[in-house]
Amino acid sequence: MSEILNSKNIQTIEFDALIIGGGGSGMRTSLELAKSGLKTAVVSKVFPTRSHTVSAQGGITCAIQSADPNDNWQWHMYDTVKGADYIGDQDAIEYMCSEGPKAVFELEHMGLPFSRFENGRIYQRPFGGQSKDFGKGGQAARTCAAADRTGHALLHTLYQNNVKEGSNFLNEWFAVDLVKNAKNQVTGVIAFSIESGDVAYLKAQATVLATGGAGRIYASTTNALINTGDGLGMALRAGFPAQDMEMWQFHPTGIYGAGSLVTEGCRGEGGYLINADGERFMERYAPNVKDLAGRDVVARSMVLEILEGRGCGENKDHVFLKLDHLGPDVLNSKLPGICELSRTFAHVDPIYEPIPVVPTCHYMMGGTPTNINGQAFITKDDNDHVIDGLFSVGEAACVSVHGANRLGGNSLLDLVVFGRAAGMHIQSELKSGGGVNSSSDEDIDEALLRLNKLNNSSTEFETAKVKRELQECMQNYFGVFRRGDYMTKGVEQLKEIREKVENLSIKDNSKAFNTSRVEALELQNLLEVAEATAIAASERTESRGAHAREDFPDRDDENWLCHSIYDPQTKELSKRSVNFEPKEVDAFPPAVRSY
Amino acid sequence: MQKIEVNLYRYNPEKDRFPYMMSYSLDKPKKDIMVLDLLNMLKEEDESISYRRSCREGVCGSDGMNINGKNGLACITPLSSVIKKNKIELRPLPGLPVIRDLVVDMTEFYAQYEKIKPFLQNDTEAPLQERLQSPEDRNKLDGFYECILCACCSTSCPSFWWNPDKFVGPAALLQAYRFLADSRDLKTAERLDDLSDPFSVYRCHGIMNCVSVCPKGLNPNEAIGEIKDMLLKKKKNIIVSDG
Chain A
1 MSEILNSKNI
11 QTIEFDALII
21 GGGGSGMRTS
31 LELAKSGLKT
41 AVVSKVFPTR
51 SHTVSAQGGI
61 TCAIQSADPN
71 DNWQWHMYDT
81 VKGADYIGDQ
91 DAIEYMCSEG
101 PKAVFELEHM
111 GLPFSRFENG
121 RIYQRPFGGQ
131 SKDFGKGGQA
141 ARTCAAADRT
151 GHALLHTLYQ
161 NNVKEGSNFL
171 NEWFAVDLVK
181 NAKNQVTGVI
191 AFSIESGDVA
201 YLKAQATVLA
211 TGGAGRIYAS
221 TTNALINTGD
231 GLGMALRAGF
241 PAQDMEMWQF
251 HPTGIYGAGS
261 LVTEGCRGEG
271 GYLINADGER
281 FMERYAPNVK
291 DLAGRDVVAR
301 SMVLEILEGR
311 GCGENKDHVF
321 LKLDHLGPDV
331 LNSKLPGICE
341 LSRTFAHVDP
351 IYEPIPVVPT
361 CHYMMGGTPT
371 NINGQAFITK
381 DDNDHVIDGL
391 FSVGEAACVS
401 VHGANRLGGN
411 SLLDLVVFGR
421 AAGMHIQSEL
431 KSGGGVNSSS
441 DEDIDEALLR
451 LNKLNNSSTE
461 FETAKVKREL
471 QECMQNYFGV
481 FRRGDYMTKG
491 VEQLKEIREK
501 VENLSIKDNS
511 KAFNTSRVEA
521 LELQNLLEVA
531 EATAIAASER
541 TESRGAHARE
551 DFPDRDDENW
561 LCHSIYDPQT
571 KELSKRSVNF
581 EPKEVDAFPP
591 AVRSY
Chain B
596 MQKIEVNLYR
606 YNPEKDRFPY
616 MMSYSLDKPK
626 KDIMVLDLLN
636 MLKEEDESIS
646 YRRSCREGVC
656 GSDGMNINGK
666 NGLACITPLS
676 SVIKKNKIEL
686 RPLPGLPVIR
696 DLVVDMTEFY
706 AQYEKIKPFL
716 QNDTEAPLQE
726 RLQSPEDRNK
736 LDGFYECILC
746 ACCSTSCPSF
756 WWNPDKFVGP
766 AALLQAYRFL
776 ADSRDLKTAE
786 RLDDLSDPFS
796 VYRCHGIMNC
806 VSVCPKGLNP
816 NEAIGEIKDM
826 LLKKKKNIIV
836 SDG
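If you read the sequences in order, they're chains A and B.
Throughout the first sequence, residue numbering follows this note's numbering, covering 1 to 595 in sequence.
Throughout the second sequence, residue numbering follows this note's numbering, covering 596 to 838 in sequence.
It is worth saying that the hints were derived from the structure and are not from the lab.
Any given hint could turn out to be false.
[Claimed, not checked] Below are the DSS-like pairs computed for lysine-lysine, each with C-alpha atoms no more than 27 Å apart in a straight line: (1) K610(B) <-> K102(A); (2) K507(A) <-> K710(B); (3) K453(A) <-> K610(B); (4) K465(A) <-> K598(B); (5) K710(B) <-> K35(A); (6) K316(A) <-> K625(B); (7) K35(A) <-> K712(B); (8) K453(A) <-> K638(B); (9) K316(A) <-> K680(B); (10) K164(A) <-> K710(B); (11) K625(B) <-> K102(A); (12) K598(B) <-> K710(B); (13) K102(A) <-> K431(A); (14) K465(A) <-> K623(B); (15) K164(A) <-> K626(B); (16) K710(B) <-> K680(B); (17) K626(B) <-> K680(B); (18) K164(A) <-> K735(B); (19) K465(A) <-> K811(B); (20) K625(B) <-> K710(B); (21) K164(A) <-> K823(B); (22) K710(B) <-> K39(A); (23) K712(B) <-> K39(A); (24) K35(A) <-> K782(B); (25) K511(A) <-> K610(B); (26) K500(A) <-> K623(B); (27) K638(B) <-> K511(A); (28) K465(A) <-> K625(B); (29) K712(B) <-> K626(B); (30) K507(A) <-> K680(B); (31) K465(A) <-> K626(B); (32) K782(B) <-> K164(A); (33) K712(B) <-> K164(A); (34) K164(A) <-> K625(B); (35) K610(B) <-> K712(B).
Note that the structure is a prediction, hence the values are computed from the model and not measured.
In isolation and in its complexed conformation, chain A is listed as follows (with noise of 0.2 Å):
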């Protein structure tokens, strides 16, 4: 037995403003706040460093007007309502894409050493999805990158500009759950130190979920191990919403067999896919920008090529990516990452050889709904309420940029834009006098429930297998296809899991470095995303973006061009209003989607 955890035998640290992630929108906001004179912490469980946005390659979407001089913010804007199928909210769509340049031209005074031009200017290649004049222009080049290392290159300048300005951190830290008040109010979190196993309660006044995505609710993902959605798992069990989780991107090039991701930039710079007759298949599924469609697009026309028998291999059952007329020198200057992960993990060196690729989970467009000021919300009737002390930004959040299907590089961007445009309000709310109340001995004890039935629990369950049967179920019933009765099937095996998991076990109590708790706390956030995507999924009966269904292969805007919200408390589905009021443009109406 482990001492069981309350308010009285655990710590109390009081902060201004905390958040929880050291990833690139958590180091953002953190950097905008260490300014301020607010005491901030950032609360990580690695080095912020190992943060999977060290993980990004291809670069960060952006008009700066640097490979072509008349580029418009504008046009990156109509790409992206057009790549979210017009399910992204085009007030914050327009914020990103306008306050872009001002972010990136900060990343490089800070130091970001990226790739240029001639002239001196940011390197930019053509990515997915993008065009000139509306779609009207042809393809533009508009993704900023550092070679194919743009997420180390950004993840690293944001940590040592933190470190510059002072930044606090507790590396190693695990957020386990939130704390709320009587009022519904977010007054903290419960969190221990990984190397020690103290618990304490983290008090703050503003609370940021920056906390990533959850790939690792598949099977086959480019996540890393740490993407668990713990953000996001503690806001659904503190009864907070989930905006469009039913949408999962599922990137066109991910290694096969390793999962590792092969930037979408490899295509930009003019590689493309083949099946077993060394055809070019995309000519025939998107015949205008072809290997450079939007990822969704991309993804299903590979599978449709495997399932109907051109897939490579003994198995047939992957495609290839076609580098090798590149020649060495663009592989080597532009790429080289990709050539290192290639022969590490393909043993393939693309110099001579294509890549073998499947799509592979990629990236989370849902999460927690929030404002373009980071601030997360609750809806009902329609109308957002926001949750005070509460706020999320980059993968965790769901502002909504991506809608249905996130463009390549634009991740980059949202975490810089809405990362900075949270620690800007929070900063000016906090110095108003803004803030929470204090939350209760009782409160801080239900958040503490958790924590102690792990640790006192003692059945058969065991974090890797029940992990294994949730990515399996997910893979299995809620991958790039779906269909209504298999995805049935899977909601109701994750009610199973479910019991499983809400039980798990650790045999090792002991508490310095114990991993085996961290994994199993991270485990019960996965299964909270997984049900929330399983639900949204199942009752959203159209085909849209990432969202393909086969029983309803079209889109279906006069019932589903909205968001869906998911209600952790009743297990329900309910629809909520996208924005078409940008505030400088008219909007973008919907469209026929086709590349």
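Fit chain B to the supplied structure of chain A, relying on the hints for placement.
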């Protein structure tokens, strides 16, 4: 079925007075796997085993460890490349305090990183757009900015083992040079002054372990050589101008 033997360094501060090696026997995997996969398999058998891991593709730098005597990243080290006579030995990175099993306390390593001021310093007013940099100047950062802070190099360096508090170590010196080499950074003289004492740089004796272990194929020794060169030139200039 052929077996492989894994000898694993174990230490749990709550239970063990001293660290010890524990031996595990496993069926030899049918296909080649990474050392991290091997650890994950072991952890399923014995969940008390602790190690760090995150990206599992060699870019986050979490799982640096000593594999059959040589530092490397578990996630990109194929078992076939290190296993000898069906045996493999896994230990924590050398020279740093062990928290538990393969998890080391990296405080001193990070402190050296922070000491070299690992951020761009340029006090001139920023332009409305980016600061310009020619591709040639940008190329000077290649081979230096890609460091993932895994600590494989510094913890393989005897000079760092001796003076972890005073010798900056290969990882942080690589970073120091990354900023010295950046045409946008204006604090070259100050950066060099900070490194000019007998320990910070000069404790590097060109042993080259850092180069042989870097999982990213970087060359800290080259960076250190460049820094020494810059220090020398700076000193010469001062003497010349004094005289």
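Evaluated hints:
| no. | hint | in the structure |
| --- | --- | --- |
| 1 | K610(B) <-> K102(A) | violated, 53 Å |
| 2 | K507(A) <-> K710(B) | violated, 41 Å |
| 3 | K453(A) <-> K610(B) | holds, 23 Å |
| 4 | K465(A) <-> K598(B) | holds, 23 Å |
| 5 | K710(B) <-> K35(A) | holds, 21 Å |
| 6 | K316(A) <-> K625(B) | holds, 21 Å |
| 7 | K35(A) <-> K712(B) | holds, 18 Å |
| 8 | K453(A) <-> K638(B) | holds, 22 Å |
| 9 | K316(A) <-> K680(B) | violated, 36 Å |
| 10 | K164(A) <-> K710(B) | holds, 11 Å |
| 11 | K625(B) <-> K102(A) | violated, 52 Å |
| 12 | K598(B) <-> K710(B) | violated, 47 Å |
| 13 | K102(A) <-> K431(A) | holds, 24 Å |
| 14 | K465(A) <-> K623(B) | holds, 21 Å |
| 15 | K164(A) <-> K626(B) | violated, 46 Å |
| 16 | K710(B) <-> K680(B) | violated, 43 Å |
| 17 | K626(B) <-> K680(B) | holds, 17 Å |
| 18 | K164(A) <-> K735(B) | holds, 23 Å |
| 19 | K465(A) <-> K811(B) | violated, 33 Å |
| 20 | K625(B) <-> K710(B) | violated, 47 Å |
| 21 | K164(A) <-> K823(B) | holds, 25 Å |
| 22 | K710(B) <-> K39(A) | holds, 24 Å |
| 23 | K712(B) <-> K39(A) | holds, 23 Å |
| 24 | K35(A) <-> K782(B) | holds, 22 Å |
| 25 | K511(A) <-> K610(B) | holds, 11 Å |
| 26 | K500(A) <-> K623(B) | violated, 31 Å |
| 27 | K638(B) <-> K511(A) | holds, 17 Å |
| 28 | K465(A) <-> K625(B) | holds, 21 Å |
| 29 | K712(B) <-> K626(B) | violated, 45 Å |
| 30 | K507(A) <-> K680(B) | violated, 33 Å |
| 31 | K465(A) <-> K626(B) | holds, 22 Å |
| 32 | K782(B) <-> K164(A) | holds, 14 Å |
| 33 | K712(B) <-> K164(A) | holds, 7 Å |
| 34 | K164(A) <-> K625(B) | violated, 49 Å |
| 35 | K610(B) <-> K712(B) | violated, 39 Å |
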